[in-house]
Amino acid sequence: MNDEDEKTIVCRCEDIPTQEIIDAIHEGYTDMESLKRYVKFGLGPCQGKTCILLAAQILSRETGQSLGQIMAPTTRPPVDPVPLGFFAKGKEADDEK
Amino acid sequence: MRSSYDCVIIGGGVSGLAIAYELAKRGYRDVAVLEESYLGSGSTGRCGSGIRAQFTSADQIVLLRESEAIWEHLSEELEYDVHFKACGYLFLWDTPELVDKARQNVAFQNRYGVMSRIIDRQEAKEICPSLNTDSFLAGQWYDKDGMAFPFDTVTGYARAARRQGVDIMTSTRVFEIETTAAHTFTVHTTQGNIETKNVVNAAGPEARGIAAMLNVDLPYRLDKHQIMATEPLEQFLGPMLVKGALYYLQTHRGNVVGGTDTGDQNATDVDSTFEFLTKFAKEATEIVPRLAGVKLMRQWAGYYVMSPDAHPVLGPVDEVPGFFQANGYSGHGFMMGPIVGRLLAEYIADGKPSIDIDHYNFRRFARGELLTEKAVIG
Numbered sequence: 001m002n003d004e005d006e007k008t009i010v011c012r013c014e015d016i017p018t019q020e021i022i023d024a025i026h027e028g029y030t031d032m033e034s035l036k037r038y039v040k041f042g043l044g045p046c047q048g049k050t051c052i053l054l055a056a057q058i059l060s061r062e063t064g065q066s067l068g069q070i071m072a073p074t075t076r077p078p079v080d081p082v083p084l085g086f087f088a089k090g091k092e093a094d095d096e097k
Numbered sequence: 098m099r100s101s102y103d104c105v106i107i108g109g110g111v112s113g114l115a116i117a118y119e120l121a122k123r124g125y126r127d128v129a130v131l132e133e134s135y136l137g138s139g140s141t142g143r144c145g146s147g148i149r150a151q152f153t154s155a156d157q158i159v160l161l162r163e164s165e166a167i168w169e170h171l172s173e174e175l176e177y178d179v180h181f182k183a184c185g186y187l188f189l190w191d192t193p194e195l196v197d198k199a200r201q202n203v204a205f206q207n208r209y210g211v212m213s214r215i216i217d218r219q220e221a222k223e224i225c226p227s228l229n230t231d232s233f234l235a236g237q238w239y240d241k242d243g244m245a246f247p248f249d250t251v252t253g254y255a256r257a258a259r260r261q262g263v264d265i266m267t268s269t270r271v272f273e274i275e276t277t278a279a280h281t282f283t284v285h286t287t288q289g290n291i292e293t294k295n296v297v298n299a300a301g302p303e304a305r306g307i308a309a310m311l312n313v314d315l316p317y318r319l320d321k322h323q324i325m326a327t328e329p330l331e332q333f334l335g336p337m338l339v340k341g342a343l344y345y346l347q348t349h350r351g352n353v354v355g356g357t358d359t360g361d362q363n364a365t366d367v368d369s370t371f372e373f374l375t376k377f378a379k380e381a382t383e384i385v386p387r388l389a390g391v392k393l394m395r396q397w398a399g400y401y402v403m404s405p406d407a408h409p410v411l412g413p414v415d416e417v418p419g420f421f422q423a424n425g426y427s428g429h430g431f432m433m434g435p436i437v438g439r440l441l442a443e444y445i446a447d448g449k450p451s452i453d454i455d456h457y458n459f460r461r462f463a464r465g466e467l468l469t470e471k472a473v474i475g
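So the sequence lines, in the order shown, correspond to chains A and B.
Per the working numbering, the first sequence starts with residue 1, numbered consecutively.
Per the working numbering, the second sequence starts with residue 98, numbered consecutively.
Treat the hints as calculated values from the structure; they're not laboratory data.
Possibly wrong hints are sitting among the right ones.
Calculated from the model, a selection of chain A residues having no Cβ within reach of chain B, i.e. all distances over 10 Å [claimed, not checked]:
1) T8
2) R12
3) I22
4) I25
5) P45
6) Q47
7) K49
8) L53
9) I58
10) E62
11) Q65
12) T74
13) V82
14) P83
Beta-carbon label-pair distances, calculated as ranges [claimed, not checked]:
15) R12(A) / D368(B): 46 to 54 Å
16) K49(A) / Q332(B): 40 to 48 Å
17) K49(A) / G465(B): 31 to 39 Å
18) I22(A) / H280(B): 18 to 26 Å
19) A72(A) / R99(B): 28 to 36 Å
20) A463(B) / R61(A): 50 to 58 Å
All C-beta atoms, glycine included, are put in the ideal place defined by N, C-alpha and C.
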């Protein structure tokens, strides 16, 4: 990450730069679960697919934990956002096909 | 972590942290909070974030009325923004029988200073312009009900407690509690043993297991409740909407967050299901049709720790002096957090809470003195 500086965006959905994550780690949020919930990256429409690994790399670099030690937070369904109207039709919509 | 404290609180959710903060505020600072995972990892972080005083029992109406009074100024008090907003709760009733019952509930709530009222469809539409007015007959409205952000509430309480000298330990699991001849406790944790005079059980879904360590049998059932969040949108919704078991609100971040009941009693997992999504989507789009075009972003689940009368257990246990309960919230622990924190701290520090909570004592189950609450929602 040679071109990274404090303004480099880690989470594009929520507009969160590198420095915000580094500051939180130094405040004591040194595990992914609480770091994510405190800084609130990974909660946007991409559900962390862009930023979780980048944040994990920063956490690893700042704390010396290996990427293996930094467990990835639970992935919540759905994989991609889906309109509620799709679910409201439920099985009926599926059966019409 | 030291090897002895005056008070050890088990559970780093809103309850445990609020009790710790309120104790420290009263000068009672020799306190440790033990959390087995990260702060807010249990029921607090999984909850729907609603706060209401529109209950059906006098006990809960009074408790939540006082809790709302604290919520209103909690951000200033903790010097941290917990994003409390009095967005109001709007219950939608769709049969004449339910409207009649709501009128009685409103009259009852008004007697205790919770000034809810019945409103017609036109007024409901003014409060929530997105409502489908064909989907209900009348609304029940209270503008002081609201919401707050669970993780920010946890952070606010934890920081304020730490500033006053409270020790808060995460990744610290309690696996055994012993009573000693000197009427103290030895709490065995994965980080070592602690001697203490008082133990507070604020362990949410784990409360039953913690109590069992001291041979206290909390008669709880765990029900799974699922919930979802949509993509963030510009503010459009207004109040928390409730219809039957369905509820949802729009957070300060713009996501619509809410759930409905899928009848998962005696649950052993908090897995998400597709059945929940179809039920929720049908119910949610019936009252606000425009939600059909809004994208669901994630779903998760948590436990309601159901007590036999849907009221929490608060206060000491007669058989084990020094062992305090703050659990069994039956789905309402987050909203009760601030008042429970204050009352339990008063109990522990002064021996007497400022509101009588004797009828919330564990002994009510053995005596058959159950309380009644019909409005278990979110």
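Each hint, compared with the structure:
1. T8: holds, 23 Å
2. R12: Label holds. Min Cβ-Cβ 14 Å, cutoff 10 Å.
3. I22: Per Cβ check, I22(A) is outside 10 Å of chain B; nearest 18 Å; holds.
4. I25: I25(A) clear of chain B: closest Cβ-Cβ about 14 Å, beyond 10 Å.
5. P45: violated, 5 Å
6. Q47: violated, 6 Å
7. K49: Non-interface label on K49(A) holds, nearest chain B Cβ at 12 Å vs cutoff 10 Å.
8. L53: holds, 18 Å
9. I58: holds, 18 Å
10. E62: At roughly 18 Å from the nearest Cβ of chain B, E62(A) sits farther out than 10 Å, so the non-interface label holds.
11. Q65: The claim stands: Q65(A) keeps its Cβ more than 10 Å from every Cβ of chain B (closest is about 13 Å).
12. T74: Violated, since 8 Å does not exceed 10 Å.
13. V82: Non-interface label fails for V82(A): nearest chain B Cβ at 6 Å, not farther than 10 Å.
14. P83: The assertion about P83(A) is violated, with a minimum of 5 Å to chain B.
15. R12(A) / D368(B): 46 to 54 Å: violated, 29 Å
16. K49(A) / Q332(B): 40 to 48 Å: violated, 27 Å
17. K49(A) / G465(B): 31 to 39 Å: Given about 54 Å between the Cβ atoms, the range is violated.
18. I22(A) / H280(B): 18 to 26 Å: Hint violated: Cβ distance 48 Å, outside 18 to 26 Å.
19. A72(A) / R99(B): 28 to 36 Å: holds, 34 Å
20. A463(B) / R61(A): 50 to 58 Å: Since the Cβ atoms of A463(B) and R61(A) sit about 57 Å apart, the hinted range of 50 to 58 Å holds.
Hints 5, 6, 12, 13, 14, 15, 16, 17, 18, counting from the list given before, are not met by this structure.
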